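S.K.: Sequence:
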Amino acid sequence: MRMSTRTRYGLRAVIELTKAEAKKGGASVSEIARKQGLSVKYLENIFSALRRAGIVKAVSGRQGGYRLLKQANEITVFDVMRAVGEGTALVKCVKDARICDKSRKCKARKFWKRLSELIETATRTVKLADFV
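Note that our numbering has the sequence shown beginning at 807, numbered continuously upward.
Keep in mind that the hints were calculated from the coordinates and are not lab data.
Note that this is a predicted model, so its numbers are computed, not measured.
Hints are supplied without guarantee of correctness; some may be wrong.
To be verified - With a straight-line Cα cutoff of 25 Å, these simulated BS3-like cross-link-like pairs (lysine-lysine) come out: (1) K911 / K898; (2) K876 / K913; (3) K898 / K830; (4) K901 / K919; (5) K933 / K829; (6) K825 / K841; (7) K898 / K876; (8) K933 / K916; (9) K863 / K825; (10) K841 / K829; (11) K863 / K829; (12) K908 / K898; (13) K911 / K901; (14) K825 / K847; (15) K829 / K876; (16) K919 / K933; (17) K876 / K901; (18) K898 / K916; (19) K863 / K876; (20) K876 / K841; (21) K876 / K825.
Build out the structure end to end from the sequences listed, making use of the hints.
M.R.: This is the structure we're talking about:
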């Protein structure tokens, strides 16, 4: 199993923002990109998704950048994954059995569904505050 680059970078970026917020009240995308060794342009796209999902807010001005919209202990890894477009379903048929004509008879689908549920449960229990 592999998480997408977008999910991995998104989580790294939000953890970096959480650390920065605890120290100085937020961070710019360029600062986060520099500290994490990531592309500014790629992170801008991720932060747009995080903003639309209500996880971060943009702050204008000289000390501008981004801040968390909620407390770090209220935002889960699941929230971040969902915001950047990644769910916890390991195979597409887990979310929608109509995708595969073999779904009803597939012996593996039940396993994938259970494993996906375990991952969702785990990602819903880990908060951003747990990383700092």
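S.K.: The structure should be examined with respect to each hint, and the outcome stated for every one.
M.R.: Results for each hint:
Distance check on the hinted pair: K911 and K898 sit about 16 Å apart at the alpha-carbon level, within 25 Å; holds. Restraint check for K876 and K913: the C-alpha separation of about 41 Å exceeds 25 Å, so the hint is violated. Restraint check for K898 and K830: not satisfied, since their Cα atoms lie roughly 41 Å apart, outside the 25 Å limit. Distance hint between K901 and K919 is fulfilled; the C-alpha atoms sit about 8 Å from each other, no more than 25 Å.
As the CA atoms of K933 and K829 are separated by approximately 18 Å, the hinted pair is consistent with the 25 Å bound. Distance hint between K825 and K841 is fulfilled; the C-alpha atoms sit about 11 Å from each other, no more than 25 Å. Of the supplied pair hints, the one linking K898 and K876 is violated, its CA atoms being roughly 31 Å apart against a limit of 25 Å. At most 25 Å may separate the alpha-carbon atoms for a hinted pair to count; K933 and K916 exceed this at roughly 28 Å.
Between K863 and K825 the alpha-carbon distance is near 16 Å, which keeps this suggested pair within the 25 Å criterion. Distance restraint check for K841 and K829: the Cα-Cα separation of roughly 15 Å lies within the 25 Å cut-off, and the hinted pair is therefore satisfied. Under the criterion of a C-alpha separation no larger than 25 Å, the hint pairing K863 with K829 is consistent with the structure, at around 17 Å. Taking the CA atoms of K908 and K898, the gap is near 12 Å; set against the 25 Å cutoff, the hint holds.
Pair hint K911 plus K901 holds up; C-alpha atoms about 16 Å apart against a cutoff of 25 Å. Taken as a hint, the K825 and K847 pair is honoured in the structure, with Cα atoms around 21 Å apart against an allowance of 25 Å. For a cut-off of 25 Å, the pair hint linking K829 to K876 stands: about 16 Å separates their Cα positions. Distance check on the hinted pair: K919 and K933 sit about 23 Å apart at the alpha-carbon level, within 25 Å; holds.
Between K876 and K901 the CA atoms are separated by roughly 28 Å; this puts the pair beyond 25 Å, and the hint is violated. With a C-alpha separation of about 13 Å, the suggested pair K898 and K916 falls inside the 25 Å cut-off, and the hint holds. About 10 Å separates the Cα atoms of K863 and K876, which keeps this hinted pair within 25 Å; it holds. In summary, the hint linking K876 to K841 is supported, as the alpha carbons are separated by about 23 Å, within the 25 Å threshold.
Under the criterion of a C-alpha separation no larger than 25 Å, the hint pairing K876 with K825 is consistent with the structure, at around 14 Å.
Taken one by one, the earlier hints fail for this structure at numbers 2, 3, 7, 8 and 17, listed in ascending order.
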